[in-house]
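As they're listed, the protein sequences go chains A and B.
For the first sequence, our numbering gives the first residue as 1, with consecutive numbering after it.
For the second sequence, our numbering gives the first residue as 1, with consecutive numbering after it.
None of these hints come from the bench; they were simulated from the model.
Heads up, a few of these hints could be off.
Simulated restraints, written as ranges between beta carbons of each label pair [claimed, not checked]:
(1) GLU66(A) - ILE18(B): 38 to 44 Å
(2) ILE18(B) - THR59(A): 29 to 35 Å
(3) HIS72(B) - GLU45(A): 42 to 48 Å
(4) LYS78(B) - THR144(A): 52 to 58 Å
(5) ASN113(B) - LYS12(A): 39 to 45 Å
(6) SER29(B) - GLU135(A): 22 to 28 Å
(7) ARG25(A) - GLY16(B): 23 to 29 Å
(8) HIS52(A) - MET38(B): 22 to 28 Å
Straight-line distance between alpha carbons at most 30 Å, and here's what the computed DSS-like set of lysine-lysine pairs gives [what the hints assert, rightly or not]:
(9) LYS12(B) - LYS134(B)
(10) LYS134(B) - LYS170(A)
(11) LYS170(A) - LYS78(B)
(12) LYS12(A) - LYS161(A)
(13) LYS185(A) - LYS117(A)
(14) LYS78(B) - LYS12(B)
(15) LYS6(B) - LYS185(A)
(16) LYS17(B) - LYS86(B)
(17) LYS17(B) - LYS185(A)
(18) LYS134(B) - LYS140(A)
(19) LYS125(B) - LYS78(B)
(20) LYS134(B) - LYS161(A)
(21) LYS27(B) - LYS185(A)
(22) LYS17(B) - LYS125(B)
(23) LYS27(B) - LYS140(A)
(24) LYS6(B) - LYS86(B)
(25) LYS79(A) - LYS27(B)
(26) LYS79(A) - LYS134(B)
Beta carbons are placed, not taken as given, at the ideal position from N, Cα and C, and that holds for glycine.
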Amino acid sequence: METVAKKTTVLKGERRNGVGTRLSRALRAEGRVPAVVYGHGETPETLSLNLHDVVMGLTRGARTFEVEMGGQKNQFLIKEVQYDHMDTTPIHLDLTRVDMNECVTVRVGIELRGTPKGAADGGILDQHVADIEVECLVSKIPETLHPLITELGVGESLLVKDLELPEGVKATLDPEERIASVRAKAAESDEDSEEGEEGDSAEPERIGRVRKDDEDGKSDKG
Amino acid sequence: MALMPKRVKWRKSQRGKIRGLATRGNKVSFGEYGLQSMEPGWITARQIEAGRVAATHYLHREGNVYVRIFPHKPVSSKPLETRMGKGKGDPEFWVACIREGTMLFELGGVEENVARNALVRVASKMPCRCRFVKRRHGL
Numbered sequence: 001m002e003t004v005a006k007k008t009t010v011l012k013g014e015r016r017n018g019v020g021t022r023l024s025r026a027l028r029a030e031g032r033v034p035a036v037v038y039g040h041g042e043t044p045e046t047l048s049l050n051l052h053d054v055v056m057g058l059t060r061g062a063r064t065f066e067v068e069m070g071g072q073k074n075q076f077l078i079k080e081v082q083y084d085h086m087d088t089t090p091i092h093l094d095l096t097r098v099d100m101n102e103c104v105t106v107r108v109g110i111e112l113r114g115t116p117k118g119a120a121d122g123g124i125l126d127q128h129v130a131d132i133e134v135e136c137l138v139s140k141i142p143e144t145l146h147p148l149i150t151e152l153g154v155g156e157s158l159l160v161k162d163l164e165l166p167e168g169v170k171a172t173l174d175p176e177e178r179i180a181s182v183r184a185k186a187a188e189s190d191e192d193s194e195e196g197e198e199g200d201s202a203e204p205e206r207i208g209r210v211r212k213d214d215e216d217g218k219s220d221k222g
Numbered sequence: 001m002a003l004m005p006k007r008v009k010w011r012k013s014q015r016g017k018i019r020g021l022a023t024r025g026n027k028v029s030f031g032e033y034g035l036q037s038m039e040p041g042w043i044t045a046r047q048i049e050a051g052r053v054a055a056t057h058y059l060h061r062e063g064n065v066y067v068r069i070f071p072h073k074p075v076s077s078k079p080l081e082t083r084m085g086k087g088k089g090d091p092e093f094w095v096a097c098i099r100e101g102t103m104l105f106e107l108g109g110v111e112e113n114v115a116r117n118a119l120v121r122v123a124s125k126m127p128c129r130c131r132f133v134k135r136r137h138g139l
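Bound-form chain A, shown alone:
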């Protein structure tokens, strides 16, 4: 069921003339994303990529980019993507040099599939882990894991060992680690009450201040 991340996206890279906030902002204004390439014991390089191409690649679930720069084509693994304050537009990429037959450790998202049968019995689904670390070949990195949870009843859990990982992919987490569970709906407590309570006159306690008004009836300033 799990799909391997889509084929490598080919991008055109341009070497950056300098580094720093001002130059990076200027690049972004031109519709390009600053990036850095490192790894394999070589000197880090700075480059820029076309924003639209990067977004298209990431949307398709790409884990590697093939960057054409200076007449050469190189494969890079996407190590990290930094997004803007609205968490929508990439503002910087970290790329690492890799061989396609190299074993790497990456984080893969988990998107639960289906409605647990325990939900019909009044249970609430909790997802404890949103992504897990896996070891695999660069060419076999799964896009996202979609475990089926329809069989989970109330009080049951989906563990790491229950995940059906694609061939050649190994989870580094403890096999007994819980990914999702269905818990019984808690009894209504005052704190979780639906109705908001009125009255907010009480004041918080002051840190490191002895209350003088206990002694002379004056309230302290501050």
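Using the hints, position chain B against chain A.
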């Protein structure tokens, strides 16, 4: 009881300015769906509580509601028909300072359409423009 800190160093604070954009607290981290602020501003403890109640009520106590903001800042005011001077007024209410991009609420354990409807109701309680966002599973 409205949200407020349990202990504070100082009873009153100056108004301050909200500068910049949210560089943390701007991702869906706990649930699956979120309500993100598109404007900076103050959100009062009452508004936060109203949003939480609206979401809990709509979900019929299913799923999980996460409140990602907390009112740390006291706002003081002078009583009506009081002459100016005689010092700063007493704290009246508490607010959370929100930057553009701050994640206000998150929901988990429910379907997308249910989460969307619940967060629309929460957004109507907020004093700022908000948008519905989903957790990013990939890079």
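Okay, the hints, checked on the actual structure:
no., hint, in the structure
1, GLU66(A) - ILE18(B): 38 to 44 Å, "holds (43 Å)"
2, ILE18(B) - THR59(A): 29 to 35 Å, "holds (32 Å)"
3, HIS72(B) - GLU45(A): 42 to 48 Å, "holds (43 Å)"
4, LYS78(B) - THR144(A): 52 to 58 Å, "holds (56 Å)"
5, ASN113(B) - LYS12(A): 39 to 45 Å, "holds (40 Å)"
6, SER29(B) - GLU135(A): 22 to 28 Å, "holds (25 Å)"
7, ARG25(A) - GLY16(B): 23 to 29 Å, "holds (27 Å)"
8, HIS52(A) - MET38(B): 22 to 28 Å, "holds (23 Å)"
9, LYS12(B) - LYS134(B), "violated (37 Å)"
10, LYS134(B) - LYS170(A), "holds (27 Å)"
11, LYS170(A) - LYS78(B), "violated (64 Å)"
12, LYS12(A) - LYS161(A), "violated (41 Å)"
13, LYS185(A) - LYS117(A), "holds (14 Å)"
14, LYS78(B) - LYS12(B), "holds (13 Å)"
15, LYS6(B) - LYS185(A), "holds (29 Å)"
16, LYS17(B) - LYS86(B), "holds (25 Å)"
17, LYS17(B) - LYS185(A), "violated (42 Å)"
18, LYS134(B) - LYS140(A), "holds (26 Å)"
19, LYS125(B) - LYS78(B), "holds (26 Å)"
20, LYS134(B) - LYS161(A), "holds (27 Å)"
21, LYS27(B) - LYS185(A), "holds (27 Å)"
22, LYS17(B) - LYS125(B), "holds (23 Å)"
23, LYS27(B) - LYS140(A), "holds (28 Å)"
24, LYS6(B) - LYS86(B), "holds (28 Å)"
25, LYS79(A) - LYS27(B), "holds (19 Å)"
26, LYS79(A) - LYS134(B), "holds (22 Å)"
The structure fails to meet hints 9, 11, 12, 17 from the earlier list, while all remaining hints are met.
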